[in-house]
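Q: In the order they appear, the protein sequences are chains A and B.
Every position in the first sequence, counted from 1, becomes a number in this note's numbering once 703 is added.
Every position in the second sequence, counted from 1, becomes a number in this note's numbering once 973 is added.
One or more of the hints may lead you astray.
[To be verified] To spell it out: a stretch of chain B is covered by chain A in this simulated footprint if at least three of its residues, at any positions, have a beta carbon under 8 Å from a beta carbon of chain A; those stretches are:
1. 975-982
2. 985-998
[Stated by the list, open to error] With beta-carbon atoms standing in for the labels, derived distance ranges:
3. B/987 <-> A/1002: 20 to 28 Å
4. B/978 <-> A/942: 16 to 24 Å
5. A/1448 <-> B/993: 27 to 35 Å
6. A/942 <-> B/986: 23 to 31 Å
7. A/940 <-> B/993: 25 to 33 Å
8. B/975 <-> A/845: 41 to 49 Å
9. B/993 <-> A/877: 47 to 55 Å
10. A/1112 <-> B/987: 39 to 47 Å
It should be emphasised that the hints constitute simulated quantities derived from the structure, not laboratory data.
Note that this is a predicted model, so its numbers are computed, not measured.
Beta carbons are placed, not taken as given, at the ideal position from N, Cα and C, and that holds for glycine.
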Amino acid sequence: MSALADPVTATAISTGPETVSPTGLVPAPPEGTQATAAVDDAVEQARYTRWVVDAQGRELRESALQLSGMHCAACTGLIEQALYAVPGVQFAQVGGAAQRATVRWDPTLTQPSALIAAVRGAGYGAVPDAAAPARLARRTEHRQAVWRLFVASFCAMQIMMLAWPSYVTGPGELEADMRQLLNWGGWLLCLPVMVFAAAPFFSRAWHSLRARRIGMDVPVSVALLIAFVASTGATFDPQGIFGHEVYFDSVSMFVSFLLGARYLEMRARHNAAQALETSLACLPEVAMRVAADGTLHSVSVHALRPGDEVRVPVGQAFPADGVLLTGATQADEALLTGESAPVAKAAGSNLVGGSINLGAPVQMRVQRVGGDTRLQAIVSMMRSAMSQRPASAALADRWAGPFLWAVLLLAAGAAAVWSVIDPSKAVWVAVSVLIVTCPCALSIAAPSTLVAAARGLAGQGVMLQKLDALEVLARVQHIYFDKTGTLTETRVVLAGTGLAGTGLAGTGPTGTGLTAVGRAVLGDDAAALAQAASLAAWSSHPISVALAASATPAAQHWDDVQEHPGQGMQATDSQGRHWRLGAADFVGAAGASVDTDDSNAGVWLGCDGQRLAAFELADQPRPGAREAVQALRALGVRVSLLSGDTRERAGALAQVLGLDEVVAGATPEAKLAVVAAAQARGECVAMVGDGINDAPVLARADVSLAMGQGALVSRSSADAVVMSNRLGDIVRARARALRAMRIVRQNLFWAASYNAVCIPLALLGFMPPWAAGLGMATSSLLVMANALRAGR
Amino acid sequence: MESLYLLIPLSAALVLLILGIFGWAVFRGQFEDLEGEAERILDADCTQVDADQVAKTSGSKESGH
């Protein structure tokens, strides 16, 4: 029992059994100097630190730390303060939801071990954020929380039984020595609650007081201490100054309610952190690399380089981004789109690292590895969104200090007034006021909702880079779309056919892109496209990729495939004919005249030196564009097109999609001016672009979304990225943003009205401490549960 | 009524004992995987926990051949 008296010893005991655990689990790193010194080792550092250069050209490092022991919004401020106190720290940000700290520091002045020591000095746990230690830290935290919750609630039940007689007996019915015995029992059982279960509140309150800040734990600790000291006095000296009333039952119940609410909060936090790690863990550890002589070698995925060829068995994840070389398969790309329906992949298709090969064993060529891959881009975006604190939470932090001082003064005032009216009630009125005003619910109302909504959106394939984007998205009145790559996608079509039926018919003469020889060899238009697509599938040139995606490749066997840079592809078919795909001169002499506009015909297909068919690049509305625009207009949003393209083409697209307004032929400056003018009219403007060419206008808009296209995602400057490339997801994102903001308002209203109703009740003495504790815990739980709805 | 002088201290001591046992169980991971242990018995390839199980599984394998 005495060993539990001090929280530090309690931690030592609790980690003890884990180190001798027969399950062979690696124990959490000891908090000694040895472990922290290893953290400074260059190789180890690289696992959680990246190099950055600041505006003055100084070389800095940015480290990620996994924190533990955080319970409320005020904690983030305390940790940041502790980090800033370390000399050499340029920037420190703590994210409450993911329990992560991002610290930018000067390597000439400090070391990561000093940062970790600083956080630990402030009373929190910190480990470098490589997944495994964080998971262990989480497990230990979870076990600690379960044990504390059990101690508090089990003791509360027992104490309630001991307190029962004094509630049901009339005055004088209970013998004095029997009452004394029951009080002693209550005191003994309340001791573990105070010194062990409630220890986190006391230690955090103490740390925040030492840092000259006031946290939410201060009033809680004061309330617990007052109630316990008064009851202890009453137990051992019933005739003394504390009177004869004991509150052991209220104290232990309050602690168990509070711990219960925080346990659920912790679970929600752990789930969020786990979701992140799961997506990070999508990549396999080893890959089967195909050497030049065709032999297979098992290598680490970190050893893969662009250009390597890799064999991927069924059921395994693709180890990097790349292109499918041979075979056809299906892939589960749920990590991009949130939909686990398999996507068919033919030779030449792009593969996403981390997606799972479902169909057949295939061979791929690696194009991008490591931090370049889409998976890494997604993970880092999710990270930054999860570890951010929205502006509303920062505002709440600023007001927390004055508010908590007011609470303490109010409680002191109530105690003073009641000691005149009815001295026997003074203590518990003060305790009730302190408990009931605990603004836990108020402080988690907005951040928990936004994080839940961001997680829900991520599951649908919309990644938020900034949590605040949700708030703005809900207010948006006017959405500007870029044209190419956003509302439309580039397709390769047979020259001259344009895009019949879409209203975007090409400018070339109608007719066909097939030459007379081509018609004889290939047959119809579709066959020409299929033949070209099957050859294009071997190349990763952007036009080839577009061509391969435009048609179902013909089941053609190619030998001796060669790619001539800048000219095109060459291959031999099973009948020994030489086929070429590419520039006109490369493909061969013109056959019979082709009735088409040569300037548009970028690509030719030819056989044995004769041109057979011409193809052109054309824009076509993205699938679902029309529905998405209509849905946005139905939601009361103006939808406009902001394009650098000609008036005719932009106008035609606007007519097809039913847009409100078209700005055509716009330079980047003109786009900026249009958005600025809309903002000057008082409109809240969203811009949807491809994320690269529109960087300035994306930055100017109140909220910006980018379509996720390949590797471009990682360089995007938008607030949110639509990974799935579906325009419909923008509509769903807005609907979810509206819902999330409605939930935030509900939460704030509930928390504020709860405080407004209960504070007067407590001041007037109508609310005993146990009811105050129950009310406070219930309102926190309600707010949490409501917030989780935003994620569904 | 005098028995209470014995029973109340006894129950308090029992509560403290239960708290200790529960803490030990939590930190030994007893509550981490509630279904897994029950299903392990159905898995022939699991690590054998005692000599009886070793004898049984090797015996059944022999009879199977």
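Q: Hint by hint, note whether the structure agrees.
A: Here is what the structure says about each hint:
Residues of the stretch 975-982 of chain B lying with their CB closer than 8 Å to a CB of chain A number 4, which satisfies the three-residue condition for coverage. Closer than 8 Å: that is the beta-carbon criterion, and the stretch 985-998 of chain B has 8 residues meeting it against chain A, so the requirement of 3 holds. Separated by about 60 Å at the C-beta atoms, residue 987 of chain B and residue 1002 of chain A break the suggested range of 20 to 28 Å. The given range of 16 to 24 Å is respected by residue 978 of chain B and residue 942 of chain A, whose C-beta atoms sit roughly 22 Å from each other.
The hinted range of 27 to 35 Å is not satisfied by residue 1448 of chain A and residue 993 of chain B, whose Cβ atoms lie roughly 47 Å apart. About 29 Å separates the C-beta atoms of residue 942 of chain A and residue 986 of chain B, a value consistent with the hinted range of 23 to 31 Å. Evaluation of the 25 to 33 Å hint for residue 940 of chain A and residue 993 of chain B yields a pass: the beta carbon distance comes to about 31 Å. Our hint of 41 to 49 Å for residue 975 of chain B and residue 845 of chain A holds, since their Cβ atoms are close to 45 Å apart.
Checked against the given bound of 47 to 55 Å, the beta carbons of residue 993 of chain B and residue 877 of chain A, roughly 32 Å apart, lie outside it. At roughly 44 Å, the beta-carbon separation of residue 1112 of chain A and residue 987 of chain B lies within the given 39 to 47 Å, and the hint holds.
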